[in-house]
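Asker: Listed below are the residues making up each chain.
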Amino acid sequence: MNHNTGCLLEIQDLSVRRGNFLLEHINFSLQQNEIFSIIGKTGSGKTLLLEAVAGFYQPDHGKVLYGGTPMCEIPVFRRHIGYLYQDYSLFPHMTAFSNIAYGPKIQGVPKAEIQARVKEIAAQFEIEHILDQYPGTLSGGEQQRVALARALIMRPSLLLLDEPFSALDPVTKRNMYDMIQKIREDFCCSLIFVTHDFAEAERLADRIGVLIDGRLCGIVKSNELYSAQWGLEVLDFLGITTKKSEGLQ
Amino acid sequence: MNRREHNIFQSACMLLTLLTILFIGGNIAVIAFRGIRSLPECLHQPETLFAVYLSIKSACISSILCFLLSIAVSYVLTKTRFFCREAIEILLELTMSLPNIVLGLSMLILFSSPLGKALKSAGFPVVFNSSGIVLAQLVVNLPFAVKLTSTAFRGVDQKLERVAGLLGATQGKCFFTILLPLCKNTLISAFILVWSRALGEFGATLMLVGVTRMKTETLPASIYLDVSTNNLGGALASAFILLLISAVSLGIANHLAKANRKLSRYES
Chain G
1 MNHNTGCLLE IQDLSVRRGN FLLEHINFSL QQNEIFSIIG KTGSGKTLLL EAVAGFYQPD
61 HGKVLYGGTP MCEIPVFRRH IGYLYQDYSL FPHMTAFSNI AYGPKIQGVP KAEIQARVKE
121 IAAQFEIEHI LDQYPGTLSG GEQQRVALAR ALIMRPSLLL LDEPFSALDP VTKRNMYDMI
181 QKIREDFCCS LIFVTHDFAE AERLADRIGV LIDGRLCGIV KSNELYSAQW GLEVLDFLGI
241 TTKKSEGLQ
Chain W
250 MNRREHNIFQ SACMLLTLLT ILFIGGNIAV IAFRGIRSLP ECLHQPETLF AVYLSIKSAC
310 ISSILCFLLS IAVSYVLTKT RFFCREAIEI LLELTMSLPN IVLGLSMLIL FSSPLGKALK
370 SAGFPVVFNS SGIVLAQLVV NLPFAVKLTS TAFRGVDQKL ERVAGLLGAT QGKCFFTILL
430 PLCKNTLISA FILVWSRALG EFGATLMLVG VTRMKTETLP ASIYLDVSTN NLGGALASAF
490 ILLLISAVSL GIANHLAKAN RKLSRYES
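Order-wise, the sequence lines are chains G and W.
Quick note on the working numbering: the first sequence kicks off at 1 and runs consecutively.
Quick note on the working numbering: the second sequence kicks off at 250 and runs consecutively.
Excised from the complex, chain G in its bound form:
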């Protein structure tokens, strides 16, 4: 995989159809160590786009290039991608420790090293005290930290997060925002996260893409979200037209 160019991921004219829904002509690229956010309404295709980026679906058109190689050509177990689902998808029959240790164990890492690595990452995410517990007994915030630790223990080059903060209370949310920035610094990975919260995207991402009805309407730097030249659809989604008309009244 070529990481020298700085471009980790390139989506070229990607179209994916699932049932009646069509994700069409998506183009964007992701740089090394960049945080990219995709915002859109519920049902706009955010999760489908994220899953297509992960290579779970064969594109109907276009490509997802990961380090220059089409994603679908890389076997799933060799992709080095972390994926955090909205419900965290922890393995319910394993303790938090076993969840985090799953990746290294599968790859045949010696037991002593697994223990050390899990303890180290658990300390980073402040979850040492819940390592013996099963996912069903953990709070949403704890589950999320276990899921992040499980993904990051494999040192992925790319971390995909599907609405990671939607189920968290405001305090836990703020803590997780800081954690996301820390993840970028400590693990040197690029992140793509989808959300419907503009403030969240503005705060965390370097760039933001707006997805409406399966079309990526534009990509801007996060500080330009409200000042960029958008079409009516996006302005309406961002609530800008409403604000203007309210101002006129």
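Partner residues aside, some chain G positions facing chain W, computed with beta carbon under 8 Å: (1) F56; (2) F77; (3) I81; (4) G82; (5) Y83; (6) Y85; (7) S89; (8) H93; (9) G103; (10) I106; (11) Q107; (12) M154.
Cβ pair distances, simulated, as ranges: (13) G:G140 - W:V325: 35 to 41 Å; (14) W:T400 - G:G140: 26 to 32 Å; (15) W:T269 - G:R18: 41 to 47 Å; (16) W:L318 - G:Q58: 26 to 32 Å; (17) W:P430 - G:E73: 26 to 32 Å; (18) W:I501 - G:E126: 41 to 47 Å; (19) G:N20 - W:G404: 24 to 30 Å.
Derived from the structure by calculation, the hints contain no laboratory data.
None of the values given here were measured: they were computed from a predicted structure.
No residue lacks a Cβ here, since even glycine has one placed at the ideal position from N, Cα and C.
With the hints as your guide, set chain W onto chain G.
Answerer: Leaving out everything else, chain W in the frame of chain G:
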């Protein structure tokens, strides 16, 4: 629906429920109370002991084979995409809805053909031989087992397998570390149900291997022979043994299903 109509509807439903329970319970009671009286005497007869032994042995072998095959078939049906998948599912469902005696007849014709003769000369006689009992039970139970295991596999959230894959698990490792452990209890309870069905199988066995005392005599075959020779006590004793085995296996299956529901709650 006003209050009076509601009361009439509820009373009618309760009456029908009571009649149903009386009907089913009456049958069970006849076997339980009359069978237990004949049991001590029949347990000393070599025919009964042979039937119990043959039934349990053939049910165990056929259920193990059935489950190994059904796990492979279910995995293919639920985790892969290929053009004739639906056709295979329809074929299995059709087999499930066919009377066992029809399946037995088709097997009799199949194994009476040169294939069956070749198998016999290779040391594996099927027709009118006790090894045919295993095959008869297998063909009757396989579609049922595939249905149960497929349902269990479909119940596991696909996201878990995707995550495991991204963490480096190959499909095989994913199967053994995620899919199988999460379905474990459902699969065990399904195995028990399949085993009880195999134990009670009669139609296909009758057609393929016939009913011969101390040769192809399973418990259901023993009941049939006893009734034919006017030995009602022997038939009721065999029926009681089947009832007992079914009750125990049902209890275990229900217990395991309950444990699995608990695990699902943790998952959510």
